[in-house]
Amino acid sequence: MAAMEALESSSGHFEPQTLTEISDDEVNLPPSDDEDDALVSAKRELSIMGTEGDAAEDKNEAAKLDPQVNGVMVLSLLDKIIGAVDQIQQTQSGLEARQQEMERSVTSIQGELTKLSKSHSTTSNSVNKMMEKVRKVSVNVKTVRATLEKQGGQIKKLENNEAELLKRRNFKVMIYQDEVKVPSKLSISKSMKVSESVSGSRGGSLLELKESVEEPGAEDGEGEKTDKPHVDLSSDEEGLEIEEAIEESRAERIKRSSLQRVQTLKTVFSKEKMDKTKAKTRENLEKTKQKTKDNLEKTKQKTRENLENAKQKTRQNLEKTKQKTKDNLEKTRHNIEKKMGKLGTRMSVNPEHKQKIQTSRDKMKKSLTPDHVVYARSKTAVYKVPPFTFHVKKIRDGTVEVVQGTEMECRGLRRRLLFLPYPCLHRRTMAMWIQAQQLQGDALHQMQALYGQHFPIEVRHYLAQWIESQLWDSVELDNPAEEAKAKCLLDNLVAELQRKAQLQGGEDGFLLKIKLGHYANQLKSTYDRCPLELVRCIKHILHSEQRLVQEATNASCETGGQTMDSLSQRHQQINQAFEELRLATQETENEMRKLQHSQEYFIIQYQENLRIQAQLSSLSSLTPAERTQRETTLQSKRATVEAWLTREASTLQKYRLDLSEQHQKTLSLLRKQQTLILDEELIQWKRRQQLAGNGGPHEGGLDVLQSWCEKLADLIWQNRQQIRRCEHLTQQLPLPGPMEELLSKLNGDITDIISALVTSTFIIEKQPPQVLKTQTKFAATVRLLVGGKLNVHMNPPQVKTVIVSEQQAKALLKNESTHSESSGEILNNNCVMEYHQATGTLSAHFRNMSLKRIKRSDRRGAESVTEEKFTVLFESQFSVGGNELVFHVKTLSLPVVVIVHGSQDNNATATVLWDNAFAEPGRVPFIVPDKVLWPQLCEALDMKYKAEMHSGRGLSEDNLVFLAQKAFTSSSNNPEDYNNMTISWSQFNRESLPGRNFTFWQWFDGVVELMKKHLKPHWNDGAILGFVNKQQAQDMLLSKPNGTFLLRFSDSEIGGITIAWVAENPNKPGERLVWNLLPYTTKDFSIRSLADRISDLNHLLFLYPDRPKDEVFAKYYTPPLSKAVDGYVKPQIKQVVPEFTTPNPEPSGSAPTFMDQTASPSVSHPNNFYPPMTDTILDTDGDFDLEDTMDVARHVEELLRRPMANQWSSQQS
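One point on numbering: in this note's numbering, the residue at position 1099 of the sequence shown is 1099, and numbering is uninterrupted.
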């Protein structure tokens, strides 16, 4: 009896245990392959043996009463222990063999992957070389083509100049002459036949014969081959006679020929002949002038035809562009309608601000009308260069040049303004129709009554964008001259309606297509003769809708008074700044074109001046009188041209300076916009991404950021091209002044801006895991936000990743080289960026990276391996603008903690959570404060807890007070007492809690893991109080009826939860006690769920405060097992507490399962099956050490050799 009382007294401090019926087969299950499970099992056996050995020594006297039973018990215990040791050794051998096989497999796989990566790199290098050659060939081809075109133009100019010179040199002066020719000499043919013609008087006949012989020869000398008369002297006697006749008449013939020559010359140079020559010359000149006029007319006609063809092509291209723009705007309108939803009804406007906006809108409408003219004092110069005429107008500051086609430009402007952020409810944009559709009650009926057969509401709906973009107010209804404009609007409306009908397709669009076509014909027939009535109708509808929307808005302002949130205001500010930049860029583009035209005309006049100088130099060949007259004319013309050139040079210089000032202003706006987007919006996105690592909301908004960055890149690139064109114009026509320095500075500034944009928009879209385990696959994604806009995807760049330490990251930010150092090796660390046409994104997806090894640096003080931070560096290089700019971009990931074993995950997660929560913007990598306020840590813990629970139910104020009490070892229940208290990193996860062997974070993370894996639904249902200490649980339950229970987290065990309930003391009727079951852990819930365990305990009736347990947990009970087949009955596991299975349980020394009968029983844990994993089985770097594991096994063997007493008198199975 004394021994029994001793056992009872010694076991009175034990907590009730749960006894689970488990078969021997389940006890002797083969060991797990997991090293951690094997180590935990070994330590558990060690703990059991140590605890039971101590109990055996205290009970030696009781064991002597029954030696035979004790001997049997000892033998069975030794058998089981030896079997367990054998199983551990077998498991260890199997693990070693499997580890060797895995190492060999991994080695072979790594070798194959290395070969594959090498072949892939070789292939990519070859492809890159081929692409580079192709690009070089393409550039050479373009250069040769440009050279050939330039040479062709020069050849054409040379040919034209040569033809002009030939025309000038081919001028002939023709003198009019009669057909009578003056004979120059007389000759006799040796073979003349005069036998028939010498019979008369010799002198006369012979002379006539000679003259007749000479004249045909003279007249036929120009090329006509006629037969000459031939005289044949048949005898010597006749020849002698002829010679004598010639001798006799020689003097007479000479005299007569001389007289004839003189007479002929007098006749040729007579006044009559000279008049005929002048008349002939005039006639030729007239013919030449006529031909020149005809050629000029033909040239003008051909030029007009070319201009008409160019205009026609331009109109066609403009129409196509307008059509595409309309389609894109229509799609954008539908998207914005979906996104805006009911935004318009929630908007309100300050009355003063509304009045200002209304005034600005009226001014803008008036300035956008085609009839609006700004009467500016300006000078207009007309320069004529046949066959063209240039009109150059110099506009003063503050005035607007009136350009034809204003209406088209205004409409385009209205369309562009259509999708700006909606600053007020009263601007006539697409939002007005959206708000009109959201009218309710009487306002909706009034709006519907505006439409009918005269103007169907379907037309208003499907052409809302087009209708609201037209300038209906610019048409004066009382002016008949405006009918043509109204007719044009009617035709455009009908055409737009027909186009919309043609776009409808499918089964649903068939009826709509027919209906819209019918409405188009109806409107055409109704208003074709009176188009002004259509304008009157639409103006009335739009003004009425505006009035109804304004009244509804004022009513909502008086009742609700909501304003746009800061996000919408910020987006509105950014979009408005983009519109200002677009208008400024367009203005500088227009000024650039004017400057170019003026400079081209200046060059033409300069060439004219050179031509005049050349003409002055060539006057020496003229007569003095003509030279004097010509020189006077040319000198006067030269002076005029030089004076104009002098004035125009100063004007051009002023234009250039003004343009540079405008570019400086635009660059200032670009810097401001870029700062707003990159330094605020992008940094906030990165901060949201960092908090998402702690469970914060998803960062989102990256597509909006990309659209802003692309707009910014487009505007920067346009301004850069304008500045480069200015430099080209300056080089083409150098003028004295500071333009070269200004343009060089502007070019440098714009290059710096675009460089900052490109390098800042190379971001990590998907961060690598911040707790990174070696030899484990992980993924990441990088993205270049401006890649699509700058056409980087035309030559896709390659991205490389390396892992660097904290010190190397600091050196990178200081632009120091770190290539000689290495902090680890990442497999599959190269990837080519891909362009996705659908989304317009340029990104690189690393899907199979693996950290092969890591090189750790020297740690500081008490810093452990899980406090050392690394980062993944992503870098790439690419060119923009045809190798004009080359960028080397880099970006660092969020801090990464590298682990080699799963047991290090808990502490690594603490390092990551602290860094993500308390990192400051622009910090030096990766410095975080050592102390933070307790409310800041509460916010981080609540964010983490809600994310793991996937529920909106986070940590309540009472829960946070419980955590503060645990962290600061305080007993205050007032939350305000902790608001100004600070908690350090050491308190968070370096120093153990008082009386415990774990830190605050390790306890909290254990709770999170337990809830996440097994108890998440019960937490979301509100069934688990959790953060309640033992004393609070006792106070809460004692006020409730017996059978009331609650669930709270264990204070002494990591990841443990216990059931506390109030019931009557079985040994002392009438006394009520609070009981606590031994804490459950993840291991227990993997065997049987919490709901089933609560269902097994029949003495648990109500969940605190008064909810029946079946009402809360019934939906989670495991359904009853079906009947077994083949004659076998399936066993079931059921939890029992023996003291509460019988009506009046008697205390027994062999099974003490209830607490000591004190008002506030203390908690003890004699059997801690799951002690925390200490660093004794890990080496200095955190790697798994097989030698330490073998030391544990040897220690277990030594314990088994010690003499043991009966330890089973206090245990039941």
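Please keep in mind that the hints were generated in silico from the structure rather than gathered at the bench. A few of these clues could be false.
[Stated by the list, open to error] Taking lysine-lysine and the DSS-like style, the derived pairs with C-alpha atoms no more than 25 Å apart in a straight line are:
#1 K515 with K326
#2 K777 with K142
#3 K313 with K298
Hint check: K777 vs K142, CA-CA at most 25 Å. Holds or violated? Violated. K777 to K142 sits at ~47 Å, over the 25 Å cutoff.
With a cut-off of 25 Å on the C-alpha distance, tell me whether K515 and K326 pass. Judged against 25 Å, a Cα distance of about 21 Å means the pair holds.
Hinted pair, alpha-carbon criterion (25 Å max): K313, K298. Please report holds or violated. 22 Å, holds
Violated hints amount to a single one, hint 2; each of the other numbered hints is respected by the structure.
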